[in-house]
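Once you know that position 4 of the sequence shown is 4 in the UniProt record's numbering, the rest is easy, because the numbers rise by one and skip nothing.
By construction, these hints were calculated from the structure, which means they are not laboratory data.
These figures come from a predicted structure and were not determined experimentally.
One thing to keep in mind: the hints can contain errors.
[Said to hold, decoys possible] List time: in silico SDA-like cross-link candidates among lysine to any residue, alpha-carbon distance up to 20 Å: (1) Lys70 - Trp16; (2) Lys46 - Ser60; (3) Lys46 - Ile17; (4) Lys46 - Arg58; (5) Lys91 - Asn73; (6) Lys46 - Cys34; (7) Lys46 - Asn27; (8) Lys46 - Gly57; (9) Lys91 - Trp56; (10) Lys70 - Gly32; (11) Lys46 - Cys59; (12) Lys70 - Cys45; (13) Lys91 - Asp28; (14) Lys46 - Gly18; (15) Lys91 - Pro53; (16) Lys91 - Cys45.
[Stated by the list, open to error] Ranges between beta-carbon positions, derived for each pair: (17) Ser74 - Gly49: 46 to 54 Å; (18) Ile47 - Leu76: 39 to 47 Å; (19) Gln78 - Pro43: 20 to 28 Å; (20) Gln75 - Arg14: 55 to 63 Å; (21) Trp16 - Gln79: 43 to 51 Å; (22) Asp44 - Arg85: 33 to 41 Å; (23) Val19 - Arg58: 30 to 38 Å; (24) Leu69 - Ser15: 39 to 47 Å; (25) Gly18 - Cys84: 40 to 48 Å; (26) Gly40 - Asn73: 46 to 54 Å; (27) Met65 - Arg14: 16 to 24 Å; (28) Leu80 - Trp16: 24 to 32 Å; (29) Phe90 - Trp16: 20 to 28 Å.
Cβ coordinates follow ideal geometry from the N, Cα and C atoms, glycine included.
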Amino acid sequence: MRKSSQQKTARHQRSWIGVATWRWVANDENCGICRMAFDGCCPDCKIPGDDCPLVWGRCSHVFHMHCILKWLNSQLHQQLCPMCRQEWQFKE
């Protein structure tokens with residue numbers, strides 16, 4: 001008894017296609033400054049990812065890095081979290 005050519009071919013064509021997604025893990029879905037989704041990027045960036053990272057404050061609020069840096073640079077006297085008004089300190 002001989003195997004057909006289709007059976008031989010089917011046995012040797014084992015392949016797979018991988019699909020992956022990523023998400024920032026934050027306590028909110030949107031940046032409190034620009035209101036853009038964390039899965040996207042800030043208004044200054046074109047592509048989400050490592051070039052537009054999230055940063056956490058000790059107060060546990062999360063923002064796009066570019067958004068919080070602009071916010072802090074715009075503050076004349078004190079650098080406060082835009083959400084809770086505590087002194088802003090980056091979480092280590």
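Against the structure, the hints come out as follows:
1. Lys70 - Trp16: It is violated: about 45 Å lies between the C-alpha atoms, which goes past 20 Å.
2. Lys46 - Ser60: Violated - the C-alpha atoms of Ser60 and Lys46 are around 26 Å apart, more than 20 Å.
3. Lys46 - Ile17: 28 Å, violated
4. Lys46 - Arg58: At roughly 28 Å apart (the allowed maximum being 20 Å), Arg58 and Lys46 break the hint.
5. Lys91 - Asn73: 18 Å, holds
6. Lys46 - Cys34: Holds, because 14 Å separates the two Cα atoms, which is no more than 20 Å.
7. Lys46 - Asn27: Violated - the C-alpha atoms of Asn27 and Lys46 are around 23 Å apart, more than 20 Å.
8. Lys46 - Gly57: 24 Å, violated
9. Lys91 - Trp56: Judged against 20 Å, a Cα distance of about 6 Å means the pair holds.
10. Lys70 - Gly32: 13 Å, holds
11. Lys46 - Cys59: Since the Cα atoms of Lys46 and Cys59 sit roughly 28 Å apart, the hinted pair is violated (cutoff 20 Å).
12. Lys70 - Cys45: With Cα atoms ~13 Å apart, Lys70 and Cys45 stay inside 20 Å; holds.
13. Lys91 - Asp28: 16 Å, holds
14. Lys46 - Gly18: 25 Å, violated
15. Lys91 - Pro53: The hint holds at about 14 Å.
16. Lys91 - Cys45: 23 Å, violated
17. Ser74 - Gly49: 46 to 54 Å: 25 Å, violated
18. Ile47 - Leu76: 39 to 47 Å: For Ile47 and Leu76 the Cβ distance comes to about 33 Å; the hint is violated.
19. Gln78 - Pro43: 20 to 28 Å: 25 Å, holds
20. Gln75 - Arg14: 55 to 63 Å: With a Cβ separation near 59 Å, Gln75 and Arg14 satisfy 55 to 63 Å, so the hint holds.
21. Trp16 - Gln79: 43 to 51 Å: 50 Å, holds
22. Asp44 - Arg85: 33 to 41 Å: At roughly 24 Å between Cβ atoms, Arg85 and Asp44 fall outside 33 to 41 Å, so the hint is violated.
23. Val19 - Arg58: 30 to 38 Å: The hinted range 30 to 38 Å holds for Val19 and Arg58, with Cβ atoms some 37 Å apart.
24. Leu69 - Ser15: 39 to 47 Å: Check passed, 45 Å falls within 39 to 47 Å.
25. Gly18 - Cys84: 40 to 48 Å: Since Gly18 and Cys84 have Cβ atoms about 41 Å apart, the given range 40 to 48 Å holds.
26. Gly40 - Asn73: 46 to 54 Å: For Asn73 against Gly40, whose Cβ atoms are near 22 Å apart, the range 46 to 54 Å is violated.
27. Met65 - Arg14: 16 to 24 Å: Roughly 43 Å apart at Cβ, these two residues miss the hinted range, so it is violated.
28. Leu80 - Trp16: 24 to 32 Å: Since Leu80 and Trp16 have Cβ atoms about 51 Å apart, the given range 24 to 32 Å is violated.
29. Phe90 - Trp16: 20 to 28 Å: Violated, at about 41 Å.
In this structure, the hints that do not hold are numbers 1, 2, 3, 4, 7, 8, 11, 14, 16, 17, 18, 22, 26, 27, 28 and 29, in rising order.
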